[in-house]
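Visitor: Protein chains in written order, with this note's numbering: chain A, 93 to 522; chain B, 11 to 305; chain C, 358 to 714; chain D, 1026 to 1300.
Please keep in mind that the hints were generated in silico from the structure rather than gathered at the bench. Every clue listed holds true.
Computed list of lysine-lysine pairs in DSS-like fashion (alpha-carbon distance at most 27 Å, straight line): (1) A/K504 x B/K67; (2) C/K364 x B/K14; (3) A/K334 x A/K377; (4) C/K487 x C/K469; (5) B/K14 x C/K365; (6) A/K147 x A/K418; (7) B/K67 x A/K519; (8) B/K14 x D/K1128; (9) C/K541 x C/K469; (10) A/K154 x A/K135; (11) A/K334 x A/K266; (12) A/K213 x A/K309; (13) A/K244 x A/K467; (14) A/K147 x A/K135; (15) A/K135 x A/K213.
Model, not experiment: these values are computed from the prediction.
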Amino acid sequence: MRNLLTGIAVLVFMAGTSPGGTITRMDEPTTLVFLTWKPNQSKGWNHLLREFDEKHPHIRIKTQVAPHSSTQYHAIVTQRLKNRDASLDLFLMDVVWPPEFGNAGWALDLTSRFPVREQRKFLSGPITANIWQGRIYGIPCYLGAGLFYYRKDLLNKYGFEVPRTWNEMLTAGKAVLQGEDDPGLYIYSGQFKQYEGLVCDMLEFIWSNGGAVIDRKSDQVVLDKQASIGAVAFVRDKIIGKAAPRGAVNYEEPESLGLFIQGKAVFHRNWPYAWALSNDPERSKIAGRVGVAVLPAFQGHHSASTLGGWQFGINRYSRHPEEAWKFIEFMSSRQSQKILALESGLAPTRASVYEDPEIQKMMPYLNAFFPAFKKARPRPLSPVYPMVSQELQRFFSRAIAEKDSDLREMAKTTSVNIERLLQLVSKIQR
Amino acid sequence: MTRKDNIFFLILLAPALFILLLFIAVPIGQSLFLSFHRLILSLPQLGSPFLGLENYKDLLHDPVARHSLWITLIFVCAATFFELLIGVLLALLMHHHFPGRGMLRACVLIPWAVPTVVSAQMWRFLLNDAYGMVNYVIFGAHTTEYIPWLALPSTALLSLIVADVWKTSSFAALLILAGLQVIPEELYLASRVDGAGVWQRFWRITWPLIRPALMVALLFRTIDAFRVFDLAFVMTQGGPADATNVLQFYGYKKMFVEGWMGYGSAISVCIFVMVLILAVFYVRMVGHRLLEASG
Amino acid sequence: MASLELKKISKCFGNERILSRVDLQVKEGEFCVLLGPSGCGKSTLLQIVAGLIRQDEGSVLLNGRPVDRATPRERDIAMVFQGYALYPHMTVAQNLGFGLRMRGMARDGIKKQVTEIATRLGIETLLKRKPRELSGGQRQRVAMGRALVRSPMLFLLDEPLSNLDAQLRINVRLELKRLHQQMKGTILYVTHDQVEAMTLGDKVVVMKRGEVRQIGRPSIIYDRPADTFVATFIGSPAMNLFRGELTQKEGRLTFHTADFLLNSGDVPSELAGAPVEVGIRPEDITIARDAGNAGDLLMARVDIISNVGAEKFLHTMVGNTGITVRSEKGASFQTGDTIPLIIDPASLHIFHKGRRV
Amino acid sequence: MMKGFLQESLFLSGVLLAAGFSLAPFLWFILCALKTPAEVTAIPLQLLPSFSLESFRLAIERYGILHYLGNSIIVAGITTFVSISLGTFAGYALARLPRRPAKIILMAVLACAMFPHIAIAGPIWDFLRFMGWLNAYQGLILPYVALTLPLTIWILTLFFREMPEELEAAALVDGCTRIGSLQHVILPLSAPGLFTAAILSFIYAWNEFFLALLIMTDPAKQTMPVGIALFQGEYTIPWGEIAAASFITTAPLVLLVLLFQRRIVTGLSAGAIKG
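Put together the whole structure using the sequences plus the hints.
Guide: In structure tokens, the structure reads:
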């Protein structure tokens, strides 16, 4: 029993002597805490961190790691930011967060340090995504956009061009399926689980039919207009359970890519990362037989890609904003973006990096991605986007999971709900 | 029992109660406080006005919450029922003397030793519509028959229940086994001499004696099942069409995804109150023996 | 060894009064038996003496010093429990040595004393066994040994024989008596068995509903019961007790029941006309050889005969009143016989309002 | 004779079913660790792996699972120890206190187990930050102790109540203090209860994810479930490595339980409590 008591005593003691706040002296290097996730390929990141260390001996970067899952990272980072936790200096933001982080007063306003002149050097999509009410809150680190992957070999075999419209995709797909005689083969594979990815995929359908959730000019919710509903109906009636397996209703990126790289789908919608994986002979049965293009559109409309990717941000309550700025300035420099591209396979957000001869040589496929990147559209920009997204996910999932759902009615309800959310925001703007 | 003893017992209780107070009771209070306010993290300009019971009123009229409640109740009933049933069976098997009993005990423990984050991923993998083992076991090579378990609203909830039963049956089994272990062997011998059959032995001796353990298992399983969250998080994200949007996952999304702290807290408080009512009911109905047992 | 004194001990559980103002003195080396039906509070009293329960009022004195604030450990008392309370996870040797170990005795010393006591009780071959491998009698011995090994101030025994079968009980009883005679320990012994009480006790305390009814040597308790409860509780078969009235007749007090009259001998005359109870033990009734001198005889009809071997008890009826009578084992009465009974007024116990007169 | 055979085979099939139910899904999943990435998600599914140990190597070297494992052992180990110690004291007190206050305290303790963890995670985090215990072992251990205590207290109270009172009285008379009787008599006899409570607390702390995610962001202190969650990249799930990590983290636990259980079961069968 005595051991037991000593055990507790030791524990209490341990607790008492834990390091609280640390005092920095002038001659000591400043430590910046950077909450990051574990990158898919860490080589480029490590390279840059090392280089920054060498160049700035007075700044030490201490990395903390969260999962790459957007929701999990969001939970951790907001927990710290909402409590004004000054022990965090730098963080990453998913592309949909800057309005939220900016309005909540969590992310440092970078407008003075990152003027429009600098912003112009970046692609327009990611810059727009970082702006809320005329102030910019993040620097784009890398970007993603919905891309259209297809089986080069099969299209060639049956004499089809890369489809420009969704109907062309169905026609070509049907022909391939007929010819191949593989009951496991599907025309299309995408992400339709009730999660953020569903919003991305569905928005691409809606946008490429001239629809939208919120009209860009009038700021009205137009989800219940025919252009939007028509696109949703198309997915429900022509894609789910037909062109794509019924199981796609629970597919995230890994499952949908799995189908494609096992050679069981002719067409596939995914982010840029899928390129490397589907061409990796260790993982993919279709390595070298994959083509990539912009997503199809509906007849008479333009292709649309949803913007993805991550941004650097600075904690507004950081005690070392100057040093933190130095870090993200370094990380988003042209040279750094090139290293991240070459060594970690991440798509640059600076337009000029794409023209770099070394990039051109080592990553020629970026040329195929570039049109989609250039036009990639951010999801609705709003501090309440997470709530809007939940409404959209609910609507889309119900729309596609239930065969004869009343789309118009559901779209109406969802629109009303979203409008109510947006009113909350307009209340504070007044 | 002397008075000195009673004071001594209170001293023994103190550290445990102190920790519970600090890490649970106080946070519960803070949650309760939040639930009476409107606090939206991304809109600090709205402040956090006191709303009274408005969050709860909204919750009553929230069709999503009502649907979630319904789903949660189905989940709780089905999951706890099967967990306890399988738990009792497993415990009886494990209590039997036979060679390899230790191995069986270890096997039964495995599901519980696998972290939920992994087991949920595992079931997402096993239930895949194209390469999942579950489909293979049921349909073999007839790939066209394969069921997209997690993609259909009806089977998605079933899948969650199966995953939960698989993982936590051993919890009940372990508790009940511990209850079985204190039953003196003599009781069984005596009843055998008295000519009781297997069935009678179970109902007359085993059942009354494992009831307290079963009660604890029932209580804690119900409490946990009501708060299920990680299975939905990993396997379905509440979908498809909200079919697995259990109440706690809904609350999680409100708080940590949408930043709607007041409303999310109200959901948590409601879960708490429902579990509390259920627990009191259980204790009244089945558990009085446990609590009244002389000390 | 120590003397024990209890002063006005009272105890309630909730609203129920378990003990009320119990006084008792046990001299050093005395074997004191608490006797009473179950629920009379005797076990509670024992636990209060042990310090397991705290009394509400009153005081416990060991060797004249109050120990009310002392824990069981500090009181240095040994106790044998009804269920023996052997530690199931320890061997016999460990069970025996546990108390010594707790008092910080060295390993060698423990071993020596355990072996000694085990030899004395004849359980030296069982030292390595666990309690569940022992028979009832063996367990009882271990329990006794555990108390004896420590040579404490006081032994408390809580119905230590009640879990043994009849034959064994008699043997152990004798052994206990012998042990006490050898060791001269102060013993407080709880039982509901009057035979145990009578055979073992130097002093018997009869209790009922939390009150002490009588304290005294066994012979006193038997021969001069203080009240009707003690009178009927002690003795087997129980004392005959008749309800009736004393009337003065011809300058003598006579006891009347509905069925008969008895000469009541020397009784204070102020009781004349008062309702009383009169008791007589079966062995104090003589069966007359013939029915002569009918005035002093009671004519009783034999109803049931119980033969206990060494003697016979006749359950007879006089009118509607039952009287139990002892007869020699050779007597040859038949059910339905009418026999004349002689009752000696000197052996009558007369009670007024329950108390002995 | 026939009946005996029938019973035997019924029992045997029960055992096999139980083992299969518990083991088969996990084994199939663990097979992934021996497959190449392409084999893992092969359509139609591939039964036999190519027995590549690459996943194990990656899980250990690249993802550093052993490091997380070490943290989990520290956190879960100390949590169990503290939870069982405090739970023992509290359970013992509750088993011996008068019924009515004990019942009230037990219900209050149970209520503590009922509140959704999600909702108290935030306030707990605040408090830990106030104490400076974020990214410190005690910052995870203390909340875990609080979360496991209700179950521990309930199990142990239950066991201590089943203990015959005479045994404890005997120990007290034999010269034990209350604590001494707890240590020498009651605890050894409650081994199954202690063991069960210990396994349940240990595994709870071993598996807990959400709090660990919020509280431990310093890679040096992160526990195994968070470590495994970190395996996932953006849009990728390395099934093989996750399976390998699951095996590496589950196997020692099961082995440990197997060993402990033997000792406890044999220790116990040598002395039943009642009789």
